[in-house]
Each structure stands twice: as structure tokens, then as C-alpha cells.
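K.L.:
So the chains spell out like this:
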Amino acid sequence: MLMVVKNQLKISWLSIKYALIREMLNKTTFLTNIIFMVLNNASFIVQWIILYSLKDNVGGYTFKQVLLLWGIASGTYGVAHFFFKKAFSLSDTINTGKLDSYLVQPKNVLISAITTDIDTSALGDMIYAYITLFIYGVTLPNFLLFTFFCIIGGIFLTSISIILSSLSFWFSKSDIIADTGNGLMTNFATYPDGIFKGIVKILLFTLIPVGIVNYIPVRVMVSFNLGSFLIVIMATIFIVILAFLVFYKGLKKYSSSNLMMAKI
Amino acid sequence: MAIIEVKKLSKNFKVKVKEKGLKNSLKAIIKPKYKIVRAVKNISFEVEKGEMIAFIGPNGAGKSTTIKMLTGILYPNNGSIKVLGIDPQKERKKLAYEIGTVFGQKEQLWTHLTPYDNFKFFGAIYDIPESRVEKKIEELKMLFELDDFINTPVRNLSLGQRIRCEIVASLIHEPKILFLDEPTIGLDPVVKENIRTLIKRMNKEYKTTVFLTSHDVSDIEKLCKRVIIINNGQVVLDDTMENLKYHYLNKKIVDAKMKERVNLDDEDGITILKDKGYNLKIEVDIQKRSVADALKLLNPDNIIDINISNVPLEDIISDIYKKEGKE
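So the protein sequences, as listed, match chains A and B. First residue of the first sequence: 182, per the numbering used here; consecutive thereafter. First residue of the second sequence: 713, per the numbering used here; consecutive thereafter.
Worth double-checking, as some hints may not be accurate.
The calculated DSBU-like cross-link candidates involving lysine-lysine, where the alpha carbons are at most 35 Å apart (straight line), are [unchecked claim]:
1. B/720 / A/430
2. A/434 / B/806
3. A/266 / B/735
4. A/187 / B/806
5. A/434 / B/732
6. B/964 / A/434
7. B/739 / A/430
8. A/354 / B/743
9. A/434 / B/802
10. A/434 / B/971
Computed list of chain B residues with no C-beta within reach of chain A, every gap over 12 Å [claimed, not checked]:
11. 725
12. 728
13. 761
14. 785
15. 811
16. 823
17. 825
18. 832
19. 839
20. 857
21. 860
22. 864
23. 872
24. 934
25. 951
26. 1033
Note that these hints are calculated values from the structure, not bench results. From a predicted model like this one, the values you see are computed outputs, not experimental measurements. Using N, Cα and C, we set each Cβ at its ideal position, and we do this for glycine too.
Please model the entire structure based on the sequences and the hints provided.
P.N.:
Right under this line is the structure:
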């Protein structure tokens, strides 16, 4: 079992490495993609600077805590889109029959299919995440917790995309549902949860679980709480298992396709 | 012993029926209509070890669907499949170590990497130790004559060179069965011939069983000893190439250049294919009339040059498609 996991990780690492080599062939595009993503994320902070010059507290968050929220949001997004880019276009992979080449290989279809490409701009998100952590104030425990939450949150976002994209096994055009779901997870991620009340707040911890990926990690980093920390881990394990179950259930309905295509 | 056993295999696809017009499109949102397309209907066959078998049929006949069920890509609705004693749907990964696949329409290689790096990647996919992969690459490089371009990025290779590399990539793990789905699609005749020679050499060298689908009759004629013809999801013929030719080659084409003009009309056993006065092309049904008989009608003294040939295999196969399609 351990050997199987080790071999699978080796293949995923090789795929990511080869994709990175391809992206680095064009040095200028590679670097500008990363730099512009950092600048793009930084530009949003300007509005918060203006807001906090008028008010000390927004939704129970100080300015530094909002920065940390942005850091977690960028970090989770970065991890998800750098390592698992294809999970966010899994509907297309299913609809166009591109799963065929992974199905004839003796490896896990889902993991192979989602780790076959990278998004270089997501490296910019990850760099930006650590910049915000340094501004917030870095200590060793903070650094480790932050990294842990970025990885686990990235896996959580990827799992949500897998679940929504797997609907393509049953319904055509379900990529719209997946895109909307992924968009919602990002849109709510950078606002302090204190500004949301009632049903919206319930939704943010259930159907659109931004709370698990972003809000609870910020709380844990501001003031460590073992219960909240374990909730994030348990919820992630649950969503990962669900993602695998839904994908493999759907795979039995996979109908392939004979479109002409190339792996680029 | 059969290494591929297919029994009463069926596969259906549920397809949405789309009627024209905006009104019907709106209706379809509320109450969508579906139809069941029976892509493969109750087919059975066996393949022996070391065989090179052609699995052919017109577009939409069910060839690719069958090959995808045999390789574990698709789940059948009914029937059973055993490939090397393995159920492809239950033990997909176990089977993947034993088979190789080349889909002519789908590339598996990374285009920005060289064939060499690609082969090493495939070696890792099949958990083969580095030293063994190196040895295998060296061996296949010689067999498939890749020396000139093994270190050139795949995107800079010609289509023929790419297909050769695709085949080599699928052979890195020494599969017992190689599934080739239209491997010569889009290639020029010279490259096609080259690929065929290499496949033949591979079959001879490694005793790999080859399961080939192709639209190119020459692929089948030159590579395979047995042919399975599938049409409308059903096996319409499963026979040796020799028998196919023997039973279906009951017509001869006589192409004659004449001294004087001959007036000949279609009659029992003779069909005029081309009549340009001094040049005549006729088809003789040898079950009804002998070739000698037909020549008598032309008057042998009047013939300057003559060529008697079999009906091309391509025509025989399309005749089988048409005949079975009507039935």
C-alpha cells in the first residue's frame, strides 16, 4: 500500500515537474505571470487600507487579520491551482474523453488527471500569501500553521471542484455549476465573516464552506484552539473522501469521446 | 489458450434527442427526451496468444467502444470480458501493467519533452526500475529506428515519427497485448508501410498479441492473419484473411486493350465496368462464368494486352458492410 502511494506521488511529482519545465521555456511569460499575480492581489489591499483609515474594526477583524485572511485565501487558491490545476477543468476532461489516457495507466485516474498541469500564476498567489504572513508577523508556529492551512485548504478547494465537476458524468454542461461553485468559494474568501449574518453565515460554513477553508484557520492562527483545528482537519478528510466517492461513482458512467486531441 | 475472451458483450449509450427550434429547446429543458443507442450488441469472440487480429468496420460500427471496454475505459452494460484472465472493469490497474494502447487520434506523449524523456516518464508510470527502462529504450530505439530524433522535442517531430514514438512508449513495460486504434491515421503511404514493417517486426521479436483497428485495408491485409468485421454493433464476419479472400474473391477484373472495337453488353456473369471502345474493363463472376468463357466473348485474337486481377480487398469489405447493413 505504501509503495503504491509512493509510486503515485512520484508520477504526480514528475507530471508537475515536466509541466513546470514547459512553462519555464518562455522565461518572460513565466516571470510576468507570477509578478502580475502578486501585484493583482496587492491592489485589492488598497481598498482595505482606505476602509481601515476610517474604521478600526470591520466585522470583528483588525487590518492585520484581514491581511492574514487574504494570505490564507491566496495560499489555498495558489496550492489548489498550482498542484491540481486540472481539477478546475475536470468537466472538460470528462466531456472530451481525455480521461482515456489515464484509464489505461496503472495509476489512480483522479490523481493523475488533476496533477497533469500547473498554473504558473498560482505561484504568484503563493508568494503573495507569504508576503502577507510576514506583514502580519511571522513566528515559527505561525509559519507552520499557515503552511498547513494553505495545503489543507488547497486540498479542500480541489475536492469541491472535483465533486462539482464530476456531475459532468451525469449531466452535460455541468461545467457551469462547477465554475459557479468555485467562484463562490473565492468570492467570499476575502471578506471578514463578521459582516455576514443569519442564513448567509450558515451557508458559509455548510454549502459554501469558505468558513472551513478561511475563517476558522484565521481564528486558529490569531488564537489557537484545538477543537477548531480538528474541525478543519475532519472536514477536509470528509470532503476528500466524498470527492473520491462521487468521482468513482461517476466514472462508471463515463462515455469517452473520439475527438482529435493532443497533450500540450 | 485464448488471452482475450469476449462473451455476449453489449454497450448502450443514452443520448439526448434535440429537436430543432427554440420552442423545442425550451420544451427539452422541462421534459428532455432521450434515446438509447446500442453501440455494441451482444458480440462474442476470442483472441489467441501471439495473434495479429484486425478489428474493422465503418465509422460508428462499435470498434472503438469495444476496444475501450477491453482496455477498461468503458463499462459494458451486459456480457463478460476477460483479458489475460483479468476483468478490465474490476482490475483495471492490474490489467494496465499487461497491455499497451495506442490511439491514433489521441496523443499520450508530452510534446515539449523529447521522446527519451517521455519514455522515462512512461517507465515511471509502470514502476520499472531506471536501469531496466534505459535498457528497454536502447532496445526499442534500435527496433523502431529512433536514433535520429530520440532527443528532439516531440512537437518538432513529423507525424510518422510521433506515431513510432507513441508505439514505443506503449511498449516500454513489455505488454503482452498491444491495442492499436487506427495507428496509421493521417500518415502518407511510405510512412504507413514503414510503421507496418515495424509492427510486424515487434510481433515477431516479442510475440506481442496485436489487436488492431484501422480503416486502411492495406494495414489489415499486410499485418493480420485474422479479421473480425463489425457493423452496427454486431460481428458480421470472424474469419482468417485467407478464407475471407477465398470466399469473397469470386469475381475477377479483366482489363483488356483491343485491336478492334468490341460491342459487349452486360450479361449473366459479366458486368461492363468501363468501355472506351478499344479499352475494356469487365467484371467476371466466376461462379456463373469462367474467365476463359469471358475471354472467348472478347475474341482472343483481337486482344493486344490483358490484365486479370482480383477485386481489391477494400471493395470486398465495403460489400460486406453494405450486405450486412441491409440485412
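K.L.:
So, for every hint listed, does it hold in this structure?
P.N.:
Hints, one by one, checked against the model:
{"no.": "1", "hint": "B/720 / A/430", "result": "25 Å, holds"}
{"no.": "2", "hint": "A/434 / B/806", "result": "21 Å, holds"}
{"no.": "3", "hint": "A/266 / B/735", "result": "39 Å, violated"}
{"no.": "4", "hint": "A/187 / B/806", "result": "17 Å, holds"}
{"no.": "5", "hint": "A/434 / B/732", "result": "27 Å, holds"}
{"no.": "6", "hint": "B/964 / A/434", "result": "49 Å, violated"}
{"no.": "7", "hint": "B/739 / A/430", "result": "30 Å, holds"}
{"no.": "8", "hint": "A/354 / B/743", "result": "17 Å, holds"}
{"no.": "9", "hint": "A/434 / B/802", "result": "15 Å, holds"}
{"no.": "10", "hint": "A/434 / B/971", "result": "68 Å, violated"}
{"no.": "11", "hint": "725", "result": "6 Å, violated"}
{"no.": "12", "hint": "728", "result": "7 Å, violated"}
{"no.": "13", "hint": "761", "result": "21 Å, holds"}
{"no.": "14", "hint": "785", "result": "5 Å, violated"}
{"no.": "15", "hint": "811", "result": "7 Å, violated"}
{"no.": "16", "hint": "823", "result": "5 Å, violated"}
{"no.": "17", "hint": "825", "result": "6 Å, violated"}
{"no.": "18", "hint": "832", "result": "9 Å, violated"}
{"no.": "19", "hint": "839", "result": "5 Å, violated"}
{"no.": "20", "hint": "857", "result": "23 Å, holds"}
{"no.": "21", "hint": "860", "result": "22 Å, holds"}
{"no.": "22", "hint": "864", "result": "15 Å, holds"}
{"no.": "23", "hint": "872", "result": "16 Å, holds"}
{"no.": "24", "hint": "934", "result": "25 Å, holds"}
{"no.": "25", "hint": "951", "result": "27 Å, holds"}
{"no.": "26", "hint": "1033", "result": "19 Å, holds"}
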